[in-house]
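A.B. asks: Listed below, chain by chain, are the residues.
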Amino acid sequence: MTKAPTAGRPRPAANPDTRFFWDAAFERRLAVQRCSACRALRHPPGPACPECHSLDWEVSDVSGRGTLYSYTVLHHPPAPGFDGPAVIAVVDLEEGVRMVSNVVGADPATLTIGEALEVCFEEYVGWTVPQFRRPAAREAVR
Amino acid sequence: MTHPPSAAIVGVGSTEFSKASGRSELRLALEACTLALADAGLDPSDVDGLVTMTMDDNDEPAVAHYLGLDALTFFARTAGGGGGGPGTLALASMAIATGRARTVICYRAMNERSQGRFGQPSRYAGDRAATAAAVTMSWAAPFGMVTPAAFFAPSFRRYMHEYGATSEDFGRQAVVQRAYANKNPQAFFHDRPLTLDDHQSSRMIADPLRLFDCCQESDGGVALVLTAPDHAKDLRQPPVAVLGAAMGVGPRQYGVAPLYRDDLAVAAETRVMGDQLWAQSGLGPGDMDLAILYDHFSPAVLMQLEALGFCGLGEAPGLVRDGGTEIDGVIPTNTNGGQLSEGYIHGFNGLAEAVRQLRGTAVNQVTGAAHAVVTGGSHAPTSGVVLGRTA
Ligand SMILES: [Zn+2]
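Protein chains in written order, with the UniProt record's numbering: chain A, 1 to 142; chain B, 1 to 391.
Okay, chain B solo, but in the shape it has when bound:
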C-alpha cells in the first residue's frame, strides 16, 4: 500500500569533512544542527525531536541542552551504526506523522579519524565480561576478524566467485565516484584524481578489498531538519518529501556481519529494505533519477544496485562498466563522490547530497532530478529512504 508522504526535509547543515576537525564531536553536532535550522529558516525553539544512530557519541539530551531546547518530546536512535542512517528519517517521519513531534533534527557527528577509528582493530572478546556483545565477537576476534573490512570481505569474495566480478569492477565504481568528487569542493579528495591503475596498485587491506575500495575515515557532522508536509510548504527551502522509509535485516544476521547466511553473494538486507521502499512509495528503480548507495566498500555499491533491482544479480559490473552510474548513466550513483571520496559521515553526507539534488543545487546536478533512493550500509542491519522533489 502506498503511504502518503509523512514528513519533508526542510533544512540541511554540514560541517567541512576533514581528517582532524580540531573540535569536539558535540561541537560538530551543534554546528551541523544550527546550520540546518538556519537553512530551514527555523529556530531551535521550533524543535521538539532529535534522532541519531547508535555509535554517535552525542546524546540527544546533550544536543538539546546546547540547542537551548526547553523540552524534547521525541528522541531515539536507530540500530546498526552506519546501517541506520536513513532509518533516522524513518523514525522522524513516524514521530511527525503520529504527532509525537512536530519538527525533528536527525544528526550524525563524529571525529572518526582523529578520535575513534572504525578501521582499527576491535579486540572486544574475552578480556571483558561475557556480555552478549563480547560473546558475539568471540566468533570473530580470535580468528583475526576485527575490522569492518574483514567482516564484509568474505561476502565480496563470494560475490566475485558466483558472478565473475573482479577487483577492476569494484575499482571502476571507485573511479566514477572520484570523478564526481573532483568536481565537488566539499569533497576531501576534491583535488586528487584516481585512475583504475591507481586503484589496482593500491595496497591490499582485506582481500579482495584494496585501499581505494574502502571508505575514508572522516571528521565532520551533518544534520537534517524534518517537519510535517503542511508546515514544510511555508518554509524557506523547497521541501523534499520522504516518500518511503524502511529498515531491513536479512536471514541469519549475526552481529556485524551475515556470515552464516546461505548465500553471501546477495545483499539480502538491502532487498528486505528496498522491497518496502518500492511498496511504500509506489515507485520503482526505474523511477529513480539518482541513487546514494552506502559505500563503506565499493563492491557494496554493486551488490546494492542488484538488490534494489536496478539490474539483475551479477549484472552490476556490466552496468558500471557501461557508465551506468555516471552523471548521464541509467542511475547516477553517489554523485557527491560518496564516502569513498567526499567524506565518511556514516551515510549522512549522502542524505545531504540527495536533498541538494532534489533542490537542484548539487555540484554534479542530475538534470531534473525528481526522485532519489538513499541507503544505509549493506551486509549489516540497514535502512533506506525514497525522497521526492515537491516543487
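Isolated chain A, as found in the complex:
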C-alpha cells in the first residue's frame, strides 16, 4: 500500500497567482482558478486566462472527484520525503481541469487508468497538500 510522504517533502513556493491554492488546501478545500470574464476553470494557477486572456480571476472550490488520466510510480531514485515509491497521478477532475498529485492508500499494481478518485488531504506543520484516494464507498466494498 502506498503511504503518505513523511519528513522532508519539498514544500511548495507560492506567489500571488498561486497562494490561494495552498491556503485553501490548509483549510482542506480543493480550489482552482475561475476566469472572471469567460468563467473557464484553470489549473495550475497562473496570471491569465488562456481562453480569453483576462487577468481577472476568482477562486472556485471543486468537488475533488475525478478520474485517473495517467500515472507513474517513481522507484529510483527515491522521491525526497516519500518513504516508498511515489505514486504520481495525473487526475482529470470532473469539472474539467487536470491536476498532478498522488494516489495514497492503494496498491500501485492495481491502478487502472480511468478509475475514480477523490481528494483527501495530508497535513504537515504549517501546510497541507491535496492527495487522491479511491472513493471511500468503493474501498468499503473491497
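Misleading hints may appear alongside valid ones.
Unchecked claim - Taking beta-carbon pairs under 7 Å as the criterion, some of the chain A residues facing chain B (in silico):
1) Pro10
2) Cys38
3) Gly84
4) Ile88
For the record, the hints were derived by calculation from the structure and aren't laboratory data. If you're wondering where the values come from, they're calculated on a predicted model, not measured in any experiment. Just so it is clear, CB atoms sit at the ideal spot from N, CA and C, and this is done for glycine as well.
On the provided structure of chain A, position chain B with the ligand as indicated by the hints.
C.D. replies: Coordinates of chain B with the ligand only, in the frame set by chain A:
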C-alpha cells in the same frame, strides 16, 4: 515554402564519452571545439559565432576567451536543455544567412555523470524564493515528481493505454540501439550486449520506464562548425547542408513536461517542429535515409517516429518489431547507439552521428545516406534539423 540551404556543417569534434572525464567541463568544450575546427581545416580566428543551449555551464565568452577569439559577433542559447540541441543549428544558420556571423561553432560539454546528475532528484520548490521556476516546480516536487523520468513517464503510460504499446515494445528499440553500439568503439556500451530479457529484468525507475529505457548520464563534449554554403565548398570535408531547422512547443506545455495537455499519447511538440522541417526542406519522412531521434527514454523514440510521420499513431511498436529501425529497415534510427547506448551529450552526439552518416564515415553506415533528420528531446520544448549530403 522551401528555403535554400542557409548553412552547412563543415567540422565535427568530440571527446570520449565516459562516466568520469577527470577534466573540467570548460576543457571538454575547448577540446571538442578545437577538434571540430581541425576537422574543418579552420582556425579559431575564423570563428565569430558561438551557440549552445541552456543548462550548458560553459559561457560563450569563456569559450571565446580560451579559443583566443578577438571578437564574437553572435552568441546565443536555445531554450529547453536537451530539447534545444538541433535548435543551436537553427540559430547558427539564421545568423549565417543574415550576415550576423560567418562561421559559428555549436557546442555542448558536460560532466553530467561525475558532476551534476540530471537523473537525481531536484527539490527546487518552496525552500527558495518564489521565482517563476520555483512556483512551476511547486506543482511537481511536493508530489514526488522530481526527475526527468518522473516528468515524462505519465505520457508514456498514457501512450501504452491508448495504443496497446508494451514495455517489450520499448525494450525492442533499446535492443536495436545496443546492437548498433556494440559495433561502435566510441559507445560507452560498446562491449556490453543487451537482450530483451535483460531489458525486461532491469529494475523499474519510473513506471513504465525500466533502467534500460533510460539514457545514460555521461561526461563528454561535442562541437560542430557551421559556415555559409559558398565558404563550405572550399573546405576539407564534404559539407553537410542544413536543409531545415525548426523549433516546437505544443499546447499547454508547463515547465518541463506537457502534463496538462488534452492528449498525452502524442508527441505534439515534435509534430509542431517536424511539420516545419518538412515544409522548409521540401522533403518528407519517405526521403529520410536515417533518423536520429532524441532518446532520453526509449518510448520517446517510438512516439517521435509517429509524430514525424514515419508511421501512423500507434504503429511505431509494429515498425520496430518488424526491424524498421535497424540498419536495413525502413528508417534506421539512432545508428550510433543513441543516448541509451553511445553516450548522453544532450543530443549533440546524435548530431555528430548524422554528419558522419552523410559523409559516409559512420561505423554503422547506411548505404548511400543522403538525408537525415535529427531531433531534440520530445515532451519538452524541442527542435530538429533535416541535414543533406552535398557531394
Ligand atoms: Zn477567460
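A.B. asks: Check the structure against each numbered hint from earlier and tell me which ones fail, lowest number first.
C.D. replies: Failing hints, ascending: 2, 3.
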